[in-house]
Amino acid sequence: MEPVEIQAIMEAIIYVAEDPVKPEQFREIFPEESKDILDQALKTMVESFNARPGGMMIREVAGGYRMTTRPEHHERIRTYLKTRPSAKLSMAALETLAVIAYKQPVTLAEILAIRGKKSSTALQTLLERKLVAIVGRKAVVGRPILYGTSKEFLIHFGLNSLSDLPTLEEFSQIAGEQL
Amino acid sequence: MEPVEIQAIMEAIIYVAEDPVKPEQFREIFPEESKDILDQALKTMVESFNARPGGMMIREVAGGYRMTTRPEHHERIRTYLKTRPSAKLSMAALETLAVIAYKQPVTLAEILAIRGKKSSTALQTLLERKLVAIVGRKAVVGRPILYGTSKEFLIHFGLNSLSDLPTLEEFSQIAGEQL
Amino acid sequence: MENGDNPNVEEFQETAGESSITIRLESFEGPLDLLLHLIKKEEIDIWNIPIAGITEQYLEYLDIMKELNINVAGEWLMMAATLIYIKSKMLVPQEKKPDEQQEEEDPRTELVYQLLEHQKFKNAAEMLYTREEVENSVWSKPPDDALEDGNEVVAVTLFDLLSAFREVVKRFEEQRVMELEQEEVTIEQKIEDIRRRFLVHDKLLFSSFLLEARTRRHLVVTFLALLELVRLREIGLYQKKAFDEIQISKLKETA
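Protein chains in written order, with this note's numbering: chain R, 80 to 258; chain W, 80 to 258; chain E, 3 to 257.
Chain R with its partners taken away, still in its complex shape (with noise of 0.2 Å):
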């Protein structure tokens, strides 16, 4: 094989793998190549992908080749990371919404009957998220707050209303099975 593309598959290794690639690991997947071609060939990559004014670059840990962003753009990236858009919510957080979508308005001692597990925590973040909203006080001793889903909400999933949520009839008509 060519050194060139010797080269841009230990590129493309180094870039997927989780741990720093070791040199004897690329004699398994190039088992027809000598060891003085490959690690001439290794050697020449990263001092080249090393040389580029970009913004990454390969660096020698562990005894292995891992592939980094380089240091002096760290303040940029942490900017990047903290205004990607936050569409993510937790496995707990999503639970906690279903549930406040589906039976609102509910009181958090609700929720954790129906959840069967504490969700004040994921509350809050909802309630952060402005995905719930305090829609009033339950009239039973102790007057909890009341929660329901925002207007956030709605848009957030594309509806209209709340009579556009799906419901678990239709869901089980899509998934073919009883509930």
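Since the hints were made in silico from the structure, they are not lab data.
C-beta: ideal position from N, C-alpha, C; glycine also.
Among the clues, some could well be false.
Far from chain R, by Cβ distances over 10 Å, these chain E residues were calculated [unchecked claim]:
#, residue
1, E31
2, I41
3, N50
4, V94
5, Q116
6, E119
7, E135
8, E137
9, K143
10, A166
11, R168
12, E169
13, L212
14, R219
15, I248
If the Cβ cut is set under 8 Å, some of the chain W residues that face chain R in the computed set are [unchecked claim]:
#, residue
16, I88
17, Y94
18, V95
19, K167
20, L168
21, S199
22, V219
23, V220
24, I224
Per the computed footprint, the stretches of chain R lying under chain W, defined by three or more beta-carbons under 8 Å from a beta-carbon of chain W, are [claimed, not checked]:
#, stretch
25, 83 to 90
26, 173 to 186
27, 195 to 208
28, 243 to 252
The hints should help you fit chains W and E onto chain R, whose structure is shown.
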């Protein structure tokens, strides 16, 4: 900032990003730079990155930029990762997906009419793999759920936008010739 | 037509092992797929389908499916009915009425358009298949430490929301069944339980007791136990301000 430094940071951000990075996101990261300068830097960076004989490339997918390995090296990378090709969609799922992609937003009944057979299992798979999403309800009796393709669909099939798909007319021409 | 004229039917019968049948039937997933297959195999002009022959072949396939105890879905029977209907329409001699439209509507037209439409989407599916092949040979892997909230990655769609709700409902049902099997607690046991709690706590939220109660009966028992302890002046209930949460505080050391 020097264009070369902007380019390096852009490269690093595309590298760390989980989702394709949209040009607008760079404007948030570099609020002090003009749109023209950023667009030019992005274009130059992507071109020179892809002109390298390396193992990675930057592609335009789902309206953003995404770093991947080059397809021609897939065999060696697979050897290293010891993975088998990921589970492909069944022909039934692909057909259902094609109907949704071209007829969206579309109801389950409309999919059935075109495919001439029940499609709920295929639809279930597509929803689970997030290639298809619930996009609303049709304003007819029964208010059936409307389905459409997701951003994941664009990423899965390496499309920048839905307009990258060949037109249906092209397929009807082929269909006419085949039959 | 005899079976001998139809090699595919023979194939069916020869490879009557279960796995091969499943595979064969998968390639004709629906009635339209079977019709397209027959048209291509016999090299028939789509605009001039010999409807009698095709209907016969179609019904033969249906018979085989029934013979093999394959569940024949409703759409297969619907298509059979459509084919028979078209066939009967074509057998009826067309009355020529010169003052009316010259060309009578061909009873096959609608089916032809349906087949063409179906083939169009089959081709589109092929295109997606090819694209998927290509995409399956590239990898994108952001570095692990770039994912700040690694274990909190669930992109949320309505479908996720509904799935999550279904999970919760399922769990709730299972839990209820389990509790029904459990022995119920008495008021006396509950009073002892609450006293033990106040050995280590001076104050507790009223709601925290109610939250533990998973069944209605348990809730009532807890409530009665708390009232009994209030009556015995072992605990007191109070609110910091109106509508605030009710707190319970220990009034005297319990024995």
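Hints, verified against the model:
1. E31: 16 Å, holds
2. I41: 31 Å, holds
3. N50: 39 Å, holds
4. V94: Correct as stated: the minimum Cβ-Cβ distance to chain R is 41 Å, above 10 Å.
5. Q116: 24 Å, holds
6. E119: 24 Å, holds
7. E135: 18 Å, holds
8. E137: 15 Å, holds
9. K143: Violated: least Cβ distance 5 Å, not greater than 10 Å.
10. A166: At roughly 4 Å from the nearest Cβ of chain R, E:A166 sits no farther out than 10 Å, so the non-interface label is violated.
11. R168: At about 7 Å from chain R, E:R168 fails to clear the 10 Å cut-off, so the statement is violated.
12. E169: 7 Å, violated
13. L212: 6 Å, violated
14. R219: 14 Å, holds
15. I248: 5 Å, violated
16. I88: 5 Å, holds
17. Y94: Since the shortest Cβ distance to chain R is 5 Å, the answer is holds.
18. V95: Status holds, d = 6 Å.
19. K167: 20 Å, violated
20. L168: 17 Å, violated
21. S199: 5 Å, holds
22. V219: 14 Å, violated
23. V220: 14 Å, violated
24. I224: 6 Å, holds
25. 83 to 90: Holds, because 6 residues of the stretch 83 to 90 of chain R bring their Cβ atoms closer than 8 Å to Cβ atoms of chain W.
26. 173 to 186: n = 0 at 8 Å, threshold three: violated.
27. 195 to 208: Check failed, 0 qualifying residues.
28. 243 to 252: Held - the stretch 243 to 252 of chain R has 4 residues with a Cβ nearer than 8 Å to chain W, which meets the minimum of three.
Checked against the numbered hints above, the structure breaks hints 9, 10, 11, 12, 13, 15, 19, 20, 22, 23, 26, 27 and satisfies the rest.
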